[in-house]
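Undergrad: Going left to right, the sequence shown walks through residues 1 to 207 as the UniProt record's numbering numbers them.
It is worth saying that the hints were derived from the structure and are not from the lab. Please note that the accuracy of each hint is not assured.
[What the hints assert, rightly or not] Per label pair, the in silico range of CB-to-CB distance:
1. Thr179 to Leu7: 19 to 25 Å
2. Leu90 to Ala172: 30 to 36 Å
3. Arg30 to Val114: 39 to 45 Å
4. Arg30 to Pro87: 17 to 23 Å
5. Trp9 to Gly145: 23 to 29 Å
6. Arg84 to Val128: 17 to 23 Å
7. Leu189 to Gly111: 36 to 42 Å
8. Val88 to Gly58: 30 to 36 Å
9. Val24 to Leu189: 17 to 23 Å
The beta carbon of each residue, even a glycine, is placed where N, CA and C say it ideally should be.
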Amino acid sequence: MGFLDVLGWVAACTGMVSGLPQLVRLLRERTSAGVSLPMWQLNVAALYAWSCHGFHIGQFSLLISNLLLAVTSTAVVVMICRDRGQPVWLKLIPPLLLSAFLFGVIDLLLGPLVYGLVAVLPLAVGQVTQFLDLRNSVDISGVSGGFLVVNLLVQALWLVWALLMREHAVTAASTVMTTLTALNLGFYLWRAIPGRGRGSSLGQPAQ
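Let the hints inform the model, and build the full structure from the sequences given.
TA: Below is the structure:
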């Protein structure tokens, strides 16, 4: 197994567990304050589609890594909905339909290159919605800084892998995602400084 194979597996394995810090945060803090529900819904849509894509092309590492993260993301959506008193299935049906469209129409009919470019859009839009929640929410105590760190690490690993592999579709997608995840982490850390923004990361008013 060469260096690039190892790097790809490191990125995949790190990605598998990247959603766990946010799930643990929700379980521990009992609040979803500051967490973007649309981001996690869009994650569900994209990750189940990537799981199907991995099965379709016979890449079971892609299937397993995305499926595990998709299940974690689904659990996060369920917990957010319960915390906010929103109907779970009404929040899960749209992303599942979008996932079916991404795989069944874009991937199977238009091919993997077009699919790779289109499938990153839900993830990118999700990062933007999380940034807006970080900017606008007074209380962001439900947001896991650990998740933001690991998410950035995963995207950076895939970017390095894609650049070395000269894989243009993944390079384009991971460049966008690395930029957006870095922006979210940076803004979260800025909010955590006392006296900055609308309040601290723990939801306490700025002094």
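Undergrad: Hints first: check each against the structure and report whether it holds.
TA: A quick look at each hint next to the structure:
Thr179 and Leu7 have their C-beta atoms about 20 Å apart, which keeps the hinted 19 to 25 Å range intact. The hinted window of 30 to 36 Å between Leu90 and Ala172 holds, with their beta carbons roughly 33 Å apart. For Arg30 and Val114, the hinted distance range of 39 to 45 Å is satisfied, since their beta carbons lie about 42 Å from each other. Roughly 20 Å separates the CB atoms of Arg30 and Pro87, a value that falls within the hinted 17 to 23 Å.
Evaluation of the 23 to 29 Å hint for Trp9 and Gly145 yields a pass: the beta carbon distance comes to about 26 Å. One distance hint, 17 to 23 Å for the beta-carbon pair Arg84 and Val128, holds here, with the actual separation near 20 Å. Distance hint check: the CB atoms of Leu189 and Gly111 are about 40 Å apart, consistent with the given range 36 to 42 Å. Between Val88 and Gly58 the beta carbon distance is about 33 Å. The supplied range of 30 to 36 Å therefore holds.
A beta carbon spacing of about 19 Å between Val24 and Leu189 agrees with the range 17 to 23 Å that was offered as a hint.
Hint violations for this structure: none, all hints satisfied.
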